[in-house]
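Student: Residues per chain, in single letters:
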Amino acid sequence: MNCSAFEGLIALYVERDLRESERAIVELHLQACAACRDLAHELRESQSIVKNLRQGAVHPAALTEVRQRVLNEVGNLEPAPAWVLVMHRLIFAGLHRKTAIAGVVLVALVSGGVWYTQTRVVSKPGIEAPIEIASVELPSADVPLDVHEPLVVVSRPVAPVEPVEVLPPEEESTTQVIDERAPPEPRVSQIPMKFVTDDPDIIIYWLPSDKGD
Amino acid sequence: METRPDISLFDANALWMSQSGETGEPSELAALFTRAASGDAAAFEQIVVKHERRVLTLSWRLLGTMEDAQDAAQEVFLRTFKYLHRFDVQKPFEPWLVRMTVNVCRNFGRKRQQRSAVLVMAGEETDRAEQQDPSRSPYQELHSEQQRLMLYRALDGLPEKERTAFVLRDIEGMTTAETAEALGSSEGTIRSQISSARLKMRKLLGGMR
Chain A
0 MNCSAFEGLI ALYVERDLRE SERAIVELHL QACAACRDLA HELRESQSIV KNLRQGAVHP
60 AALTEVRQRV LNEVGNLEPA PAWVLVMHRL IFAGLHRKTA IAGVVLVALV SGGVWYTQTR
120 VVSKPGIEAP IEIASVELPS ADVPLDVHEP LVVVSRPVAP VEPVEVLPPE EESTTQVIDE
180 RAPPEPRVSQ IPMKFVTDDP DIIIYWLPSD KGD
Chain B
0 METRPDISLF DANALWMSQS GETGEPSELA ALFTRAASGD AAAFEQIVVK HERRVLTLSW
60 RLLGTMEDAQ DAAQEVFLRT FKYLHRFDVQ KPFEPWLVRM TVNVCRNFGR KRQQRSAVLV
120 MAGEETDRAE QQDPSRSPYQ ELHSEQQRLM LYRALDGLPE KERTAFVLRD IEGMTTAETA
180 EALGSSEGTI RSQISSARLK MRKLLGGMR
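Chains A and B are the protein sequences, given in the same order.
Those letters in the first sequence? Residues 0 to 212, by numbering that gives the first Met the number 0.
Those letters in the second sequence? Residues 0 to 208, by numbering that gives the first Met the number 0.
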């Protein structure tokens, strides 16, 4: 190591700012180098001149003037509101400011992570959710309903549907007019079912055939 | 002519203790700060009286002129009043105040446009800014005065960060760790800055030896 590399260390050495190991190295070099010994001597002299500034006092009049100016200004200032003081004490009570802020950030990160994870589980692709039917209107609780999976009944049972009334043909008409567009007369054995889904636009009707399929 | 405080009047250690020592029970100080933060002017005046010398002296050393130092000290105490509710009463007040003083003085230093004007102004302030020692001869006073002026010029020649670290460490007498905390730097950075500053000051003060 040449002398220029020691300059910075010597500047610290003269005020005992070096660690023990560094100090030993510098002292060893100073024993062998006259130029660096001169540098150390000059640094001690300049430091002693600088330290003259460490002592002394400003004039009391200067202090009084500052104090008066401050107190006059403070009289015109509003102190922090009481709720700010209380909130600050509550938030930072007994904690370093950085610790408190780090804690809040940590809680926010953990909460966000938990929320994100839960969201991802619910919407995991590849799993087909069963068709959910909001309600099923059953004609009667005694009638067995052959509803297979994946239909799931999720809501309340509702009142049974009134059986379809079969009206006899009107007596006044002498000629029976057969309207081909009219639906066939329902039979008592045919029990219609109505499935109401979550989507109000989708309603599923189940009309059994004559064989009861 | 701007001067530095007279070295023969005061013992350095005693002055340092009087400037930086926290007196009073911690609970009393906490109560005082709480009252001051709530707007109690009398409590705040006690804080000002206790710390005004330290703040004004540090500002003077950092800025070089008493006029700027007084403005800076006023700003420091107004900020103290404004932000006192943020201060943790369980910690020592001095480092917090020193940090604020350094920040205010940095802002003042940046705003100051003409450094040459500072030295001219400095020469007109001696009587008002410094306590004179009646026991010293006019020759001694003149010599001290010249030394101080040269020191100011030398300090003024340092980069801002080096000057601040140098003033806190070598003139204020703070430890490297305290200086690092006050400036928000690492101890390694402070060591590097004061090492560089000492070497520069050695050259700048060469004519005084």
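For the record, the hints were derived by calculation from the structure and aren't laboratory data.
Since we're looking at a predicted model, the values are computed, not measured.
Honestly, I wouldn't trust all of these hints.
[Stated by the list, open to error] Computed list of lysine-lysine pairs in PhoX-like fashion (alpha-carbon distance at most 25 Å, straight line):
id	chain 1	residue 1	chain 2	residue 2
1	B	K49	B	K90
2	B	K160	B	K199
3	B	K160	B	K110
4	B	K49	B	K81
5	B	K202	B	K160
6	B	K90	A	K50
7	B	K110	B	K81
8	B	K199	A	K50
9	A	K50	B	K202
Student: Taking the hints in turn, state whether each one holds.
Tutor: Checked hints:
Proposed proximity of K49 of chain B and K90 of chain B is supported: the alpha carbons are some 17 Å apart, at most 25 Å. At most 25 Å may separate the alpha-carbon atoms for a hinted pair to count; K160 of chain B and K199 of chain B meet this at roughly 13 Å. With a C-alpha separation of about 16 Å, the suggested pairing of K160 of chain B with K110 of chain B holds against the 25 Å cut-off. Restraint check for K49 of chain B and K81 of chain B: the C-alpha separation of about 18 Å stays at or below 25 Å, so the hint holds.
Restraint check for K202 of chain B and K160 of chain B: the C-alpha separation of about 18 Å stays at or below 25 Å, so the hint holds. Annotation: proposed proximity of K90 of chain B to K50 of chain A is violated, straight-line Cα distance about 29 Å (limit 25 Å). Annotation: proposed proximity of K110 of chain B to K81 of chain B holds, straight-line Cα distance about 22 Å (limit 25 Å). With a CA separation close to 15 Å, the supplied pair K199 of chain B and K50 of chain A stays within the 25 Å bound.
Simply put, K50 of chain A and K202 of chain B have alpha-carbon atoms about 16 Å apart, close enough for the 25 Å limit, and the pair holds.
Hint violations for this structure: number 6 only, all remaining hints satisfied.
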